[in-house]
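K.L.:
With the hints as your guide, set chain B onto chain A.
Protein chains: 2
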Amino acid sequence: MKKDCFIIKGDIVYSESKTELKEIKDGYLICGEGKSLGTCKRKEEIPEASRDFELYDFTGKLIIPGLYDLHIHAPQYAFRGMWMDMELIEWLNSHTFPEEAKYGDREYSEKAYKIFVRDLLKSPTARFCAFSTVHRETTELLMDMVEDSGLKAFIGKVNMDRNCPDFLRESTVSSYEETLRWLEDTEKRNYKNVRPILTPRFIPSCTDELMKKLGGLIEERGLALQSHLSENLSEVEWVHELCPESENYGDAYERFGLFGGHGNPTIMAHCVWSGDEEAKLMKKNGVYVAHSPSSNNNIASGIAPLRKFMDMGLNIGLATDVAGGSTVSVMRIITDAIQASKLYWRLVDDRKKPVTFPEAFYLATVGGGSFFGKTGSFEKGYEADILILSDEDIPTAIEGLSLSERLERYAYIAGDRPVEHKFVAGKMLF
Amino acid sequence: MKKDCFIIKGDIVYSESKTELKEIKDGYLICGEGKSLGTCKRKEEIPEASRDFELYDFTGKLIIPGLYDLHIHAPQYAFRGMWMDMELIEWLNSHTFPEEAKYGDREYSEKAYKIFVRDLLKSPTARFCAFSTVHRETTELLMDMVEDSGLKAFIGKVNMDRNCPDFLRESTVSSYEETLRWLEDTEKRNYKNVRPILTPRFIPSCTDELMKKLGGLIEERGLALQSHLSENLSEVEWVHELCPESENYGDAYERFGLFGGHGNPTIMAHCVWSGDEEAKLMKKNGVYVAHSPSSNNNIASGIAPLRKFMDMGLNIGLATDVAGGSTVSVMRIITDAIQASKLYWRLVDDRKKPVTFPEAFYLATVGGGSFFGKTGSFEKGYEADILILSDEDIPTAIEGLSLSERLERYAYIAGDRPVEHKFVAGKMLF
Chain A
7 MKKDCFIIKG
17 DIVYSESKTE
27 LKEIKDGYLI
37 CGEGKSLGTC
47 KRKEEIPEAS
57 RDFELYDFTG
67 KLIIPGLYDL
77 HIHAPQYAFR
87 GMWMDMELIE
97 WLNSHTFPEE
107 AKYGDREYSE
117 KAYKIFVRDL
127 LKSPTARFCA
137 FSTVHRETTE
147 LLMDMVEDSG
157 LKAFIGKVNM
167 DRNCPDFLRE
177 STVSSYEETL
187 RWLEDTEKRN
197 YKNVRPILTP
207 RFIPSCTDEL
217 MKKLGGLIEE
227 RGLALQSHLS
237 ENLSEVEWVH
247 ELCPESENYG
257 DAYERFGLFG
267 GHGNPTIMAH
277 CVWSGDEEAK
287 LMKKNGVYVA
297 HSPSSNNNIA
307 SGIAPLRKFM
317 DMGLNIGLAT
327 DVAGGSTVSV
337 MRIITDAIQA
347 SKLYWRLVDD
357 RKKPVTFPEA
367 FYLATVGGGS
377 FFGKTGSFEK
387 GYEADILILS
397 DEDIPTAIEG
407 LSLSERLERY
417 AYIAGDRPVE
427 HKFVAGKMLF
Chain B
7 MKKDCFIIKG
17 DIVYSESKTE
27 LKEIKDGYLI
37 CGEGKSLGTC
47 KRKEEIPEAS
57 RDFELYDFTG
67 KLIIPGLYDL
77 HIHAPQYAFR
87 GMWMDMELIE
97 WLNSHTFPEE
107 AKYGDREYSE
117 KAYKIFVRDL
127 LKSPTARFCA
137 FSTVHRETTE
147 LLMDMVEDSG
157 LKAFIGKVNM
167 DRNCPDFLRE
177 STVSSYEETL
187 RWLEDTEKRN
197 YKNVRPILTP
207 RFIPSCTDEL
217 MKKLGGLIEE
227 RGLALQSHLS
237 ENLSEVEWVH
247 ELCPESENYG
257 DAYERFGLFG
267 GHGNPTIMAH
277 CVWSGDEEAK
287 LMKKNGVYVA
297 HSPSSNNNIA
307 SGIAPLRKFM
317 DMGLNIGLAT
327 DVAGGSTVSV
337 MRIITDAIQA
347 SKLYWRLVDD
357 RKKPVTFPEA
367 FYLATVGGGS
377 FFGKTGSFEK
387 GYEADILILS
397 DEDIPTAIEG
407 LSLSERLERY
417 AYIAGDRPVE
427 HKFVAGKMLF
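So the protein sequences, as listed, match chains A and B.
The first sequence finishes on residue 436 if you use this note's numbering, and the numbering steps up by one all the way, no holes.
The second sequence finishes on residue 436 if you use this note's numbering, and the numbering steps up by one all the way, no holes.
Honestly, the hints are just simulated from the structure, not real lab data.
Some hints could be false.
Remember, identical chains collapse to one label, so a pair may be satisfied in a single copy or spanning two.
Derived DMTMM-like pairs: lysine to aspartate or glutamate, alpha-carbon spacing no greater than 25 Å straight-line [claimed, not checked]:
(1) K433 with E193
(2) K108 with E411
(3) K108 with E398
(4) K128 with E405
(5) K120 with E398
(6) K194 with E146
(7) K128 with E113
(8) K117 with E405
(9) K359 with E96
(10) K117 with D397
(11) K117 with E398
(12) K128 with D399
(13) K67 with D32
(14) K359 with E93
(15) K128 with E398
(16) K314 with D355
(17) K358 with E96
(18) K314 with D91
(19) K117 with E105
(20) K120 with E153
(21) K120 with E146
(22) K128 with D422
(23) K15 with D58
(24) K117 with D399
(25) K120 with D397
(26) K67 with D422
Chain A with its partners taken away, still in its complex shape (with noise of 0.2 Å):
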């Protein structure tokens, strides 16, 4: 039997276009050294050079592609699901930085993290991008558990020297020269599944000449980076008073080298009001939207038009930004992204057509996917990252559903529950 070969049979589903579902009832999905090596429908289809792999029989089970979430805050994870009742900005003041500040104790984040780590392991996640906290020592501690789990992760030390409680706030010295030594110690890690990734919080959160100094790294380094955009009017309203001279939200970052292009892959938190020039800026440098109608809608942001983004060909992901979102799934998020599409097709302009239950898919699949290589789909050469998910017992008295019609119940009604088996490159975690 070869290293690292096996197949998978059972009802596979996976996106065949950004608007089609493939569906293989029955199917086998076959992969070898981390890879998907195409799928069939029948056992004579399999070639010979895989008929001796080792055969995982899952038969009735569905089989998809690993999720990607773009945007997640991990020390957030402790308070998902309480003090929604009010906006951003007073929620950061009166909760989140004064969460965020507990993680310069090594035991809470071990704690915390801990349980983060665990449930995103159950989760649909296969893959994801993290904001720690400013603290670098614990961001560090958070990347070693989840180097150890198995999952695939962007993880980033935040960088604050202005506009936050003087608890959580860096001198612009300390926050260049942390990020420095946290990036050193990575390197020394040599880990196989974290990367560091630069995540100044966001524009009203870092002094020019912090922004100045992380725009420098990036240029030697080429770093990945994440950070937020457009997400809330106040804010969009108060980084116009921070830097006047920027034509938009994302020119404030472009300034400093740190809105992409030069191939280094951005990722951009929400974008609810980002206009058609920042838009276009985004699809110029290739920054990828982190999608997260959830925490929008629970912070009373508003619905990101995702639509628009859509028909632009901009690089498009789903997150689940806890904690402003509650929720660890991004199977939830598929089906919260299609609601706000409604919403806003209804609400906000009429010629946006709402998202269908195959876009959205696509989103979570290989849209936030291709973020991390070439993830989220089961056609041949694609990392074989794989959730099995057990929906035999979501009793209906109809008989004969597609596959497609199952997943997408699954998605409505059992989208936060644990996923039964996980495969990331290849690898099965459980």
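P.N.:
Okay, now just chain B, sitting in the frame of chain A:
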């Protein structure tokens, strides 16, 4: 030990007012003869006369009133969470009507309704108002099953004599005669938990002649009534074409005496597009709004002006509207209502403040509960509908959460899970 008398110990939360929760950590809820005799903080405060009541010790668990679902379609539960990429009229014709037609068959109905009643029993719902289908016999079957479950409900045989497929359309005469027969059968059965409720589906599906006859029945017998109102823009336009003489959709019911008033309890589901005049008529006639944010979102209907209705002092309860809504849990509808109100405030009218968690909880308990009598609270004299919720297994590093924080968190992240125990009118169902 006195019959039907007991005390529940645990972490008690219920609405103290429309905007505030009352929290009693490790408190006592005293019940007798199906009603609350009040709550207290310490054992010593339990009145002398109640000291020998049986004690249920649920220390550490959340104890809240039952939730009430003012609008749910029992036959649609079989396809919850599927076929979501369409609007109301298309959704009715392509999937809903063909599926409802199956309820002419007793065997299919038995299979489907068994699942419905079993899942509803496990859910937070204590009492509900349900549509069945046009079929009298299987409506009675459903009523029998709900009666046996111990849940309390108003259940209505649907009337439809126009604008629906032949396989579901009744003649005007048979629709009326079957309704009479159903009311007689129901009376004979001497139900304790279940009551009939007149259920003309909506204006487009009932001729004037049928509506007149139903209006006569209401006048004669003082029956309750449930229907749909101003759900979707195309539907509202359609009603305007069908009833050009009516001031608004509500008035189209009012002309037949089918819009409350005269002491007839009346529920109208949705009210997404109800203008001020329609809302005033509802207020005048005491008509209940069954607010169904999840369904309104899924079928792309829009967002109902909940804050307006609250400010006007209308009768309001929450509703799942399965299968426009995909969850049977009113706990989830609490958070959906909050989220919808935030988007309404942000996108439609910034004078209409988002609804808070305590406000939405009030609607789910006392608000909807009042339709069934004095239910939804633990104040003395309210019927003892009680839910025991388990949240000890939701891990967090944060210590010392308040009861309202725990309840909010439960609603956001565990709203779909089965409750641990349920009492209705003082009877423990499980």
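K.L.:
When the structure is checked against the list of hints, which entries are broken? Sort them ascending.
P.N.:
none
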